[in-house]
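**Student:** Chain by chain, the residues run as shown.
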Amino acid sequence: NAGVTQTPKFRILKIGQSMTLQCAQDMNHNYMYWYRQDPGMGLKLIYYSVGAGITDKGEVPNGYNVSRSTTEDFPLRLELAAPSQTSVYFCASSYSNRGDYNEQFFGPGTRLTVL
Amino acid sequence: SQKIEQNSEALNIQEGKTATLTCNYTNYSPAYLQWYRQDPGRGPVFLLLIRENEKEKRKERLKVTFDTTLKQSLFHITASQPADSATYLCALDSPGNTPLVFGKGTRLSVIA
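These protein sequence lines are chains C and W, in that order.
With this note's numbering applied, the first sequence corresponds to residues 650 to 764, in that order.
With this note's numbering applied, the second sequence corresponds to residues 27 to 138, in that order.
Warning: the hint list may mix true and false statements.
Residues of chain W clear of chain C, computed beta-carbon distances all greater than 12 Å [unchecked claim]:
| hint | residue |
| --- | --- |
| 1 | Gln40 |
| 2 | Gln60 |
| 3 | Gln64 |
| 4 | Thr91 |
| 5 | Asp93 |
| 6 | Ala109 |
| 7 | Thr113 |
| 8 | Leu115 |
| 9 | Ser120 |
| 10 | Thr124 |
| 11 | Val127 |
Restricting the straight-line Cα-Cα distance to at most 25 Å, the calculated cross-link-like pairs of lysine to aspartate or glutamate (DMTMM-like) are [unchecked claim]:
| hint | chain 1 | residue 1 | chain 2 | residue 2 |
| --- | --- | --- | --- | --- |
| 12 | C | Lys693 | W | Glu35 |
| 13 | C | Lys658 | C | Asp687 |
| 14 | W | Lys29 | C | Asp675 |
| 15 | W | Lys97 | W | Glu41 |
| 16 | W | Lys130 | C | Asp687 |
Sample of chain W residues facing chain C (criterion: CB under 8 Å; computed from the structure) [stated by the list, open to error]:
| hint | residue |
| --- | --- |
| 17 | Tyr58 |
| 18 | Arg68 |
| 19 | Pro70 |
| 20 | Leu134 |
| 21 | Ala138 |
These are computed hints drawn from the structure, not numbers from a lab.
Keep in mind the model is a prediction, meaning the values are calculated, not measured.
Heads up, the beta-carbon is just placed ideally off N, CA and C, and yes, glycines get one too.
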């Protein structure tokens, strides 16, 4: 199993550009998450999904969009990149969102810089 | 408002000693608490989960306690090694169906 994979690893964007961060998991997990991590600030939840076709906002959704057309894939879209979106983005998945099976499996991250 | 605090941003400890990291929370009643390890440039990796009705859980050199009265979890690494140097994050279940909430983490450095 590859686990959770993310592409690209690094990206530099100009202000106003758009891009999609890709995330895929091969563990047949229903739950998937997008976080951003700024230095010293911990993980902030952007969006999450409880299954194909169902998404919900997290703590910091502004400036981002998501879709979940399959169980495996959960792309994150940045429409008009701003310097405030410079961060490291992590995708994660879990079997459940409660109880013993809600440990999250993280991808390797995408480091995004907006100039 | 709900809050998770992990003690000091950084903790330095001598090799062979026991490292103790703290996770305090307010305005929560989590049923579960988890600990993760994060190495520089990598995603967090799950270490341990403890339930509210468990006082203590162990895994090799790791020990976690969960005191719902004090609203605190302690994470211990015994016989610490330089390879244990990393950032350690605690995470709590939130009410309802919302996902885990993570603390900011504590950066542990084990000095040889």
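**Student:** Could you run down the list of hints and mark each one as holding or not?
**Tutor:** For each hint, the structure was consulted:
1. Gln40: About 25 Å separates glutamine 40/W from the closest Cβ of chain C, which puts it past 12 Å; holds.
2. Gln60: With a cut-off of 12 Å, glutamine 60/W comes too close to chain C, as the shortest Cβ separation is near 6 Å.
3. Gln64: Violated, because the least Cβ-Cβ distance between glutamine 64/W and chain C comes to about 8 Å, which does not exceed 12 Å.
4. Thr91: Given a closest Cβ separation of 18 Å, the condition holds.
5. Asp93: Answer for aspartate 93/W: holds, closest chain C Cβ roughly 20 Å.
6. Ala109: holds, 20 Å
7. Thr113: Given a closest Cβ separation of 10 Å, the condition is violated.
8. Leu115: Nearest chain C Cβ is 7 Å from leucine 115/W, so the label is violated.
9. Ser120: violated, 9 Å
10. Thr124: The assertion about threonine 124/W is violated, with a minimum of 8 Å to chain C.
11. Val127: Valine 127/W not clear of chain C: closest Cβ-Cβ about 8 Å, inside 12 Å.
12. Lys693/C x Glu35/W: holds, 17 Å
13. Lys658/C x Asp687/C: holds, 16 Å
14. Lys29/W x Asp675/C: violated, 33 Å
15. Lys97/W x Glu41/W: violated, 29 Å
16. Lys130/W x Asp687/C: holds, 10 Å
17. Tyr58: This interface hint holds because 7 Å falls under the 8 Å limit.
18. Arg68: With a minimum Cβ separation of about 6 Å from chain C (threshold 8 Å), the hint on arginine 68/W holds.
19. Pro70: holds, 5 Å
20. Leu134: violated, 15 Å
21. Ala138: Violated, about 26 Å.
Violated hints, in rising order: 2, 3, 7, 8, 9, 10, 11, 14, 15, 20, 21; the structure is consistent with all others.
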